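Whenever a hint applies, use it, and build me the whole structure from the sequences.
Residue numbers (our numbering), protein chains in the order written: chain D, -9 to 602; chain C, 29 to 356.
By construction, these hints were calculated from the structure, which means they are not laboratory data.
Note that the structure is a prediction, hence the values are computed from the model and not measured.
The C-beta atom is built at its ideal place from N, Cα and C for all residues, glycine as well.
There could be a bad hint or two in this list.
[What the hints assert, rightly or not] Each computed DSS-like pair below joins lysine-lysine, with the alpha-carbon atoms no more than 25 Å apart:
id, chain 1, residue 1, chain 2, residue 2
1, D, K512, D, K341
2, C, K299, C, K218
3, D, K341, D, K331
4, D, K26, C, K290
5, C, K218, D, K26
6, D, K26, C, K299
[What the hints assert, rightly or not] Quick look at which bits of chain D chain C covers, simulated, 3 or more residues with Cβ under 8 Å:
id, segment
7, 26 to 35
8, 51 to 59
Each chain is listed here by its residues.
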Amino acid sequence: MADRLYLLDPGALKFLALIPTIILLYMVRSHYRRRKVSSIMLWRSIRHDLEARQQVRLPPLSLLMLLQLLAVAVGAFALARPALPAEGHSHLVLLLDASTSMEATDVPPSRFDVAVQEARRIIQQVSPGDEVSLVTIGASPTLVASGTEMAEVLAALDHLQPGAGAVDVDAALKLGESLIRNTGGEGRIVLLSDGVFGQAPRTTSVAVPVDFEPIGVSGDNQGITSLEVRRDLDGSGRWSAFGRVANYSGRPARVTATATADGLVLETRSLSLAPRSSTDLSFALPTGTRFFALKLDTHDIYQADDWAEVRVDTPQSRSVLLVSDDPDPILRVLGSIPGLKVSVVPPASFKPVAGADLVILDGFVPPVLPGADILIMNPPESASGIVVSSASGEATVLRSERSNSLIRSIDLQSLRLGETVHLQTPEWAHTVVEGPAGPLILEGEESGRKIVVLGFDWQLFDLPRMQAFPLLISNAVADLSPLSLPESVHPGESVLVRPVADATDAVVEMPDGSHVQLSLRKGAVSFADTARIGRYTVHWMGPALGEAEASFNVNLASDAQSDIAPRPYSVVQTASAKGASTPVPGRQLWTYLALALLGLLAAEWLYFSRRS
Amino acid sequence: MIFDRILRRRAAARGSSGSTDGLRRGCTVGLSGSQSWDQGIDDVFLSQLRQVAFVSQRKLTDGRTGEHSSHRRSNALEFADYRSYTPGDDLRRVDWNAYLRLDHLFVKLADAPERLDLHLLLDISGSMAWGHPDKFGYARRLAVGLAYVALAHMDATNLHALRGAHCIRLSREESPAAVGKLMRAIGSVKPEGTTDLDAALCQYVGMANHRGVAVLISDLLSPAGYQAGLERLSQGTLRPVVIHVLSPEEMSPSLEGDLELKDVETADTVKVSVDWGTLVRYRRWLQQWFREIEQFCSRRDITYVRVQTSYPVEQLLLDRLRRERVLR
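Pasting the structure below:
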């Protein structure tokens, strides 16, 4: 193996196509050059042979042609950068698909267990001295174990669990490739997967050999692909739940759907599902329902999508601190938003630690921004880092982020703003609305808190009397709600847990009853341990806060996640990876070939000049 | 030697001081062109040539005295044998001591040193002017060398040029003093046209009853052939010697590609596509041609010497021709 030659850039071999071109040029008869000889008598004996080839002739055995062909061949080979492989042991990288679909039981006991067994078998066949790396493919790839001690790697296999929703197989392949390259040996990647990644994988080009070991045999599954709750539009304040149940099997299926509200059975329906079809369900929720769940009784191979639960959002109490010299217009707007406890302080008596969920700074920015979410309105020129200078004159909206929730339902074209300030965009912010002189509304996140900046003086023009003002304030307050946890996420997706008031810690209660503690002293924390399906409850704890809690659910509830029929996965491998070994560049030989090419060209020139 | 003195005298008459320069300038007198075909003919070369002479294998002379041992017995000084006295014999050759001892008259016999005739037959066809160095320049230097060898040993030198179907007699020199004249004659001819070796040699043989050594210097590229001419040459009393002069380009042509080859003699053309294989076949054919010539000459007791123009003339004269038993 060690004496094998690898081409680092085999695409350059396309220059070999010049060889037939050169031969063709030699076959095409050119004009005859005149030469005097002492006597053509010497040539007469072989003349017949020569004349017979005048119409159609084979490529002549010309030294010049041979030199040219050799030069092209050597040049193409040099450009292909041949290299000898570096010395080193083989490196096997096992990529184990840990997506939720690997929990399917079409191959007993489950796809994941079968994959683990397969991995165990492969590891046991590895030659002594070779290195093995075990990587699980989740939302991001995780290197579980690596080394030459097979016992450690085998032990690590025992602790693996599936549970990621959409998995990033491309990142895992890249990680595998870099692991092999970094250890400087030959190697290959073995991908143990059912090919269901929850998202369309990108076309990844990998320069090492990849073997795809398919796991699973069947896609016989029925599941909940969507579940959400919405407030009824009739203004009654009641809520309804909407769900969708799909059958991915090639046969008709009968399933029983049981709806529960806060654990109490609400309704049981028997559903007949045609092959590869889906049906929509709706349920009216009793008043005061906090959690709605839907459960399917099926006999399919995949249980993870047979249950889903969603939180019914009831208005929550949030404390808002308004710092303003003229708080009345804003107070009127805030008063119309339910669930807010507003306290007002003048700028002069503002203290950084105020224990509010949201701080609204009107015409005032303290030197040190408070720790909660902040809405800054009309910042003064002294607000360094945000304001450049004041500017007068009417401003109109030039550009805006149409999809941004801050300007939801606001007719920006009708806005006529009076005096504005020149805002500059800090690193943590982006422009939501832009006027001719610069940004008008900024939004961003810094140290775990969200900040919205309105760069105009609302008192100087008729904004308060327009509908846009309460909408803008309402949107900003809704957007800056610190307790807002998502109602439902997919397995493996991260959830941002932000500090509430003076909370310094938070504890997440997992679906299996275990607890995970989060420290919020440095701001928001991204909670990513969401592999298990079920309800997660976040408890905030602080000296003055007591305890506040909110919850979110992890549901599979996805069309892509429930369609678990095994499918092939092909990796684009570079030409050099198609061999059995990895071209880890050792000693490159192109310099020698370049010298040989130079010699050939010199010989060709010498020969040509001598001949002519 | 007289030859040297003549050349030196000529050189001195032109105001030259160096003996070699004078000699060389003397050699170039009367040459038709500015080609320095006589380059290399200097004192050292000529002094080396004086050490060799033609080998006489047949009855050579017609009775005139020369420096070559003859098969005929004469009454010259070099004792060879006795014979009985017959009336009319020169009494000065009677061995009186033997008469006193044996009471019988014996006449002392001796080898008669005889003169050898060198016949230089120079092919002056156009093909001889071809090659680097050109074959004719080489042939001229060779002819001068051979003539010098002959004249230095008091042999007669006949110079003939073969052109067309004719044999043109350029000069006959018997005296070493006439070497300059002979050189002018050699230098005055230009190689051009074609030569029918057969016809020209037959004409030469028919001109007179020649004796001695006939040296043909030619490339043998005669479209009409050479066999009949050499056949006639070998049938006479002459000892024929063929010096086959070829240029390195003819032996190993550096041609390649699609070519229209033009014969410098006949202006005929032939279109050829020359590649490696063609050159291999050419060389194979050339070797076959050489074998044919060698066999032809061998069967007719003709001395055949093939030489390339890259081979030094000095080495040919002092070494190769001695090994071929042409010179000694």
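These are the hints, each one checked on the structure:
no.	hint	result
1	D:K512 <-> D:K341	20 Å, holds
2	C:K299 <-> C:K218	29 Å, violated
3	D:K341 <-> D:K331	18 Å, holds
4	D:K26 <-> C:K290	5 Å, holds
5	C:K218 <-> D:K26	18 Å, holds
6	D:K26 <-> C:K299	12 Å, holds
7	26 to 35	holds (count 10)
8	51 to 59	holds (count 4)
Violated hint: 2 only; the structure is consistent with all others.
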